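Protein chains in written order, with our numbering: chain A, 1 to 644; chain B, 1 to 644.
Just so you know, not all the hints are guaranteed correct.
One copy or two, it doesn't matter: identical chains are merged, so the pair holds either way.
[To be verified] Listed below are the simulated DSSO-like cross-link pairs for lysine-lysine, each with C-alpha atoms no more than 30 Å apart in a straight line:
hint: 1; residue 1: Lys573; residue 2: Lys613
hint: 2; residue 1: Lys613; residue 2: Lys284
hint: 3; residue 1: Lys199; residue 2: Lys284
hint: 4; residue 1: Lys9; residue 2: Lys199
hint: 5; residue 1: Lys284; residue 2: Lys236
hint: 6; residue 1: Lys56; residue 2: Lys124
hint: 7; residue 1: Lys617; residue 2: Lys573
hint: 8; residue 1: Lys284; residue 2: Lys251
hint: 9; residue 1: Lys236; residue 2: Lys61
The hints are simulated quantities; they were obtained by calculation from the structure and are not laboratory data.
Since the structure is predicted, the reported quantities are computational estimates derived from the model, not experimental observations.
Number of protein chains: 2
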Amino acid sequence: MISEIQHTKSAPVKDVQIEGGLWGERQATNRNRTIPAIYHQMEITGRVDAWRLKWKPGDPKPHIFWDSDMGKWLEAVAYSLMTHPDAALEAQADAVIDLIEQAQQPDGYLNIFFTAVEPENRWKNLRDWHELYDAGHLIEGAVAYAEATGKRKLLDIMCRYTDHIDARFGRDEGKLRGYCGHPEIELALVRLYHATGEKRYFELSKYFVDERGQQPLYFDVETVARGEDPRNYWAKTYRYCQAHVPIREQKTAMGHSVRAAYLYSGVADIVAQTGDAELAAVCKTIWDDLVQHQMYITGGLGPAHANEGFTFAYDLPNETAYAETCAAIALVFWAQRMFNLEHDSRYIDVMERALYNGFLSGVSFEGRHFFYANPLASFPNVNPYDRFSGITTEQHYHREEWFDCACCPPNLARLIASIGSYFYSTSNDTLFVHLYNQNRSTLTVGGTTVRLAQQTNYPWDEQVEMTVGVDAPARFKMALRIPEWCRSYTLSVNGAAVQAAAARGYVTIEREWANGDTVTLRLAMPVERMAPHPEIRQDAGCVALQRGPVVYCLEQVDNGPRLANVALPREAKLEASFDANLFGGVGVISGEGVRVEPGEWQGSLYQPQSVVKVMQKPQPIKAIPYCFWANREPGEMRVWIREI
Amino acid sequence: MISEIQHTKSAPVKDVQIEGGLWGERQATNRNRTIPAIYHQMEITGRVDAWRLKWKPGDPKPHIFWDSDMGKWLEAVAYSLMTHPDAALEAQADAVIDLIEQAQQPDGYLNIFFTAVEPENRWKNLRDWHELYDAGHLIEGAVAYAEATGKRKLLDIMCRYTDHIDARFGRDEGKLRGYCGHPEIELALVRLYHATGEKRYFELSKYFVDERGQQPLYFDVETVARGEDPRNYWAKTYRYCQAHVPIREQKTAMGHSVRAAYLYSGVADIVAQTGDAELAAVCKTIWDDLVQHQMYITGGLGPAHANEGFTFAYDLPNETAYAETCAAIALVFWAQRMFNLEHDSRYIDVMERALYNGFLSGVSFEGRHFFYANPLASFPNVNPYDRFSGITTEQHYHREEWFDCACCPPNLARLIASIGSYFYSTSNDTLFVHLYNQNRSTLTVGGTTVRLAQQTNYPWDEQVEMTVGVDAPARFKMALRIPEWCRSYTLSVNGAAVQAAAARGYVTIEREWANGDTVTLRLAMPVERMAPHPEIRQDAGCVALQRGPVVYCLEQVDNGPRLANVALPREAKLEASFDANLFGGVGVISGEGVRVEPGEWQGSLYQPQSVVKVMQKPQPIKAIPYCFWANREPGEMRVWIREI
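Given these sequences and hints, build the entire structure.
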């Protein structure tokens, strides 16, 4: 139970200037490569022109998700403009917004597919057709863009559309008692409420959250209304979209993992506003289930391609892990919200795990290729999202320039562009420092403006130096996160050691801060062999290497083929070093492993062990950060390494 | 290359009376339970009545495979009658044959679906619609039934139908240059030729084999003729049905595994008749590929559900292994044919592996429940043939009473009923003994009638005693198979040791045999730890237990849950014993294993190994024959056991 809802705010994106280091480099790549590449792909695939609503029979059909791709791209642009103004980019976004404006219908409705292609099917299939999801992403884009530029055009468009939606859905007579098969609008509406002050938007979000899964099930009702049989639902169960029972009766993370974590984020937003203790408990119960039973060590969610989602507790296959990039992103959203409800670093520990691993793996180092699925092991011909995988292809799994269903690339772009917002939270008296990377930020704690500068090469280096800037000496608490992975740390202020125990994962320094005060935090960062929970059968007998928040992997290019036969003796020493020439400078782990293989093999596939004589040969191993895998020569990859 | 095609005949079913032992018991269960249960299922699902052709719109549709189910059932009945006459069963079969007779059309055509339901679609889609496959199974049933009973009605029906097919397909002007998407008729036509002496049937088989994969591809041609686009083929490639290039250009086992092994069996039949060296080489090349790269240790074939078939070399996942029962059966057919082309026990080694393991697992001990897929590991909620596996079910994978596509149960019934035929082959001068189990047989070697009796409790016991009965002393060779798994054996005739080396897997005793001569063969049968080929990543670090031809597995009911954590120390002693109370008496393997698990686990899914302290606790292990798994309390199962 969350006993008391706490009210903390994440730092505004614009107030955190990230300067170099891992996230600075990633943001630069995002800005210079990823955001333009996504626009280019949207252009050549017709996602820009589609807003002109010129589709006619015989043309390729726009996809029902295209609106959301643009919404997320605009949001990414908005965040990028907040820290790095760019007139040309802003003009490009303005032009798109003009197109969107023209696509809005007189009644406020706004959707490419259900205006240009199948207007007769508006709101006919909320279960599958994503109209409200599209609206949600456009709302988020509108809110961010108004905040970034002060331009309200898209925000006004989306308010008109939301008014239309509000008039259409709800419990009042004559309204449809529907909600979206793909949650997203719930959290978007709360943002729109905060941006506009219009309480109806919050109430609509609350309605969507509460109505979901109520009897009679709306998805049954609308299916029958279409003249179809609900029993023929392709996904077999509304657990797929978390709509089988009301959220208040749900106890485990289930179904499509992106839908799930977006929904839970929206629920957390409702809690933050209402203090609803029952809903808060639901959030916490599902969170615990997720992180204790269903999360990859990379922060990836959802092992299965079939439902793009969860299966059952401790079922975490590696090669076929779906672990959609969007699911890691949604987990970051949810984690941030959970922290702002309850100040406990366990949420940020998970957020950090996802950010440095299963999220960042979603984009190539050069920034223009993307993973949809993020498996934890890879083998030629095995592809986690192709059911004919291994049968007709002869390829290594690799990042693609684009996807037919392109949710991940712009989602990733908006998170990288807004990553600064995840570094800090503030309350009336406390400045929480969650993440470490070089940055210069201006934060408000109570009434005090605090300029904070971080100097560090985290996560490759243990030391973080922070310099405090204040106009006049000011008393407030600085709460520094001691990550779950860190078992020993030292802390000093202006060179004098501070002895303080961490509480709920934060060491709090309360003092009157003077301009120029420096805080030095050293987080001991040994190479850890991480053991899997004993119920995870797919990882039995293996360890994963982790240093700081970063999970490492073996790639064939460094370690040769047949990585399943590469093992780490229990006593083998492992050393971390910094490779300045790899991916702009990253940590690597090396050590003395062994290769366990028979000397030679002839004939049948299976032979008495006494005949084939399996041998152990020394093999130096080199592990690189998982998030950078598949950026060099293609080949096998493994996170979980046999231990002998 | 097979340098010279050898002509050997497998023993006629009727001449091998199996008496008790593993196969005697399995045959009794097949006769008393399986064959009646299959008829019952066919009756209640409409497969019997469907022959009346009374289908009308609105009725449930017969399946396009139903004819083949009945064909295989009749074949199973025929074999059973050969060794165990049963007037009631014969009358039941006769009644079915009367129904089939009435279903035959005036032009000879015979197919339930394409007569009663979609007559307009006859021969319109050979790629997907299985008409020739259905015909093949009915032909096989007809040949066997005529041989068993002397009644020619079904044989005459099928000759008329085959004449119709022969008039329809071929290279002559006005004929369709087609062949079946699901091979089977090829081998059936060779049997029909042998049963009737009608050479046209053989030529038709040869045509189907040779025409397959020729340009222009017939499946393209017929698809275009239906007004469809061949690029939309659901399986993406004709490799699925081995029809992308002519068989003479094929080098690896690929596609749907049952189709593959039926096709290769048909090709071997053509070789046996024609001595075609090129085709013989194709058979051998594909065989080598299959057994060296793509076969499970159980003799299972085809790891993937997506194509019910092969993926790529060394890709042999265990939990999701498809390894269809029918594929193991088809492998047995092919292996028998390969031996009869080339006297080498390597074919019979594979046949024996499939028979005792991945084939026999297809039916429950009590005989009325069936596996379609035969995975090598099982975990609650994981189901190799449900793409939503683990998402909506809460079950252990278990045998079913029936399937919508019910190919496996009657296929299995016909093989068990005819198992005697696989025990022996004879040539002009040699009696080959392939399999060991109590039986009394009457075989013809050259002109000599040999009565052979085997006394043994193989595969649980090492010793086999054979007694020869002849009317007068006769000179011939008896070639006893020394299985690949056997690394030491002793042999005596009438108590006198015989020193003879095995050649191509057979020890040959040439002598003048007198009535009552006894041969005693002792095949040393230690428990073997079988090592997997080092390229099989899914088995890395594991061993499988095998004793004699039998592969063993761990079940949860004997070994507790979390079988992934149960390991065998490299030096642990393993002992075989006979458990008279288990499944009517089977061998079991026991030994001292360890359970490798942390003492306790709290909190996150992943923790530093130095914190959780993984411990090894002694755990007695008990392994049972894989073929009998899932017959007791449901739970986990594993063939490949971690070794430490």
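Check: Failing hints, ascending?
Finding: none
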